[in-house]
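Undergrad: Sequence:
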Amino acid sequence: MQLSNSDFQKLRSKLERRRWFYRASQMVSLMLGIRVFVLAFYVFTLYVSTYFLFNQEESLRAFVFDYKVHGIIFCSLLSIAAGGLINQFYDKEKDRITKPFRSYFQSFVKEKYILYSYLLFNVLSLGIALVLSYRILIFFLVYQFLIWFYSHKLSRIAVVNNLTYVSLSLYPFFGLLVYYQYFSGLLFLMSVFLFVLLLIIDIIKDIVTRAADKLFGYATIPVLFGNTKTVYLLYLLLITNSLTSYLIVNELKYFNLVAYYFSASIMVYLLAGISLYFFRYSKMSRLINALRVWVFIGVVFMLLNGIFEKVA
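Using full-length UniProt numbering, the letters of the sequence shown correspond one by one to residues 1 to 312.
Wrong hints could be hidden among the right ones.
Heads up, simulated EDC-like pairs for lysine to aspartate or glutamate below, C-alpha to C-alpha not over 16 Å straight-line [to be verified]: (1) 214 / 95; (2) 205 / 91; (3) 110 / 91.
For each label pair, taking beta carbons as the anchor points, the in silico distance ranges come out as [claimed, not checked]: (4) 260 / 113: 42 to 50 Å; (5) 250 / 153: 36 to 44 Å; (6) 62 / 267: 18 to 26 Å; (7) 267 / 63: 33 to 41 Å.
Don't read these hints as lab results, they were simulated from the structure.
Since this is a predicted model, take the numbers as computed values, not measurements.
A virtual CB, placed ideally from N, CA and C, is assigned to each residue, including glycine.
Please model the entire structure based on the sequences and the hints provided.
TA: The structure is reproduced here in structure tokens:
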């Protein structure tokens with residue numbers, strides 16, 4: 001059967017649309033794998049915390065032209081992007097249940113291309129780190145190894161997986177802290193606050209994905225001890241961070257926007273505790289999103305407070 005010219009053009013147009021849809025789906029899959037929105041948040045947070053928290057001596061001009069700071073942040077982003085891809089590679093079976101939208105787009109990209117992208121991001125990061133200094137190179141070699149080891153092994157070990165995940169999330173901030181060699185009691189308390197808050201979010205996430213974790217052999221706290229005992233642990237962590245917030249407010253020299261944020265955090269944790277009591281376990285994703293938004297609000301408050309202090 002011979003196609004007419006018009007039928008041939010229609011078929012060609014249809015195939016062309018399918019091809020563009022396939023390419024677009026591959027791009028979406030890559031963006032979901034590297035977690036582009038998480039990367040954007042990291043850029044914002046790293047620059048705000050570096051200039052307004054760690055940097056106590058450099059002027060804005062000196063900070064802008066400090067290529068090592070920009071290099072460390074860029075290497076961090078490349079390593080985090082690579083970490084998202086390798087985590088996607090190892091969790092692909094579980095993601096079909098817990099993240100069906102992401103899993104759908106993952107099906108458009110072959111696993112070998114995910115691994116190629118993972119290696120490319122890591123090599124670029126290490127290449128830039130080598131140009132900066134051998135110490136920075138070692139720092140990111142360790143970081144990339146720990147990210148891989150977490151995805152390969154540690155993510156299946158209860159308690160260790162939560163502590164490792166949160167520690168890796170804060171690893172780039174530790175690198176910039178060491179670079180500026182600035183330490184204080186207030187900074188330590190803020191680090192504890194953020195660590196515990198991220199730990200709370202990660203444990204709640206494990207409650208939401210408990211069924212899938214149990215099915216695929218991930219030994220999380222809810223899988224081993226049950227949801228009820230896990231919620232009791234979350235109450236303890238919420239109380240701990242409320243006390244940390246109180247200590248931070250007392251440590252501040254005067255009541256500024258940062259003090260308002262940490263004062264409000266005590267009320268936020270009270271509401272989170274009430275939500276844990278009343279929410280069904282399947283609905284706790286709303287609480288996760290609310291706490292993530294609270295982290296973002298904290299960064300915004302730190303930015304505004306820093307601007308007001310610089311202007312004053």
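Undergrad: Mind checking the alpha carbons of residue 110 and residue 91 for me, to see if they're no more than 16 Å apart?
TA: Answer holds: residue 110 to residue 91 is near 15 Å, not above 16 Å.
Undergrad: So does residue 267 sit 33 to 41 Å from residue 63, Cβ to Cβ?
TA: About 34 Å separates the Cβ atoms of residue 267 and residue 63, which means 33 to 41 Å holds.
Undergrad: Return holds or violated for the Cβ distance of residue 260 and residue 113 against the range 42 to 50 Å.
TA: For residue 260 and residue 113 the Cβ distance comes to about 47 Å; the hint holds.
Undergrad: CA of residue 205 to CA of residue 91, is that 16 Å or under?
TA: holds (15 Å)
Undergrad: If you check the beta carbons of residue 62 and residue 267, does the distance land in 18 to 26 Å?
TA: Once the Cβ atoms are compared, 39 Å apart, the range 18 to 26 Å for residue 267 and residue 62 is violated.
Undergrad: Can you let me know if the beta-carbon spacing of residue 250 and residue 153 is within 36 to 44 Å?
TA: holds (41 Å)
Undergrad: Starting from residue 214, check that the Cα of residue 95 is at most 16 Å away, please.
TA: holds (13 Å)
In this structure, the one hint that does not hold is number 6.
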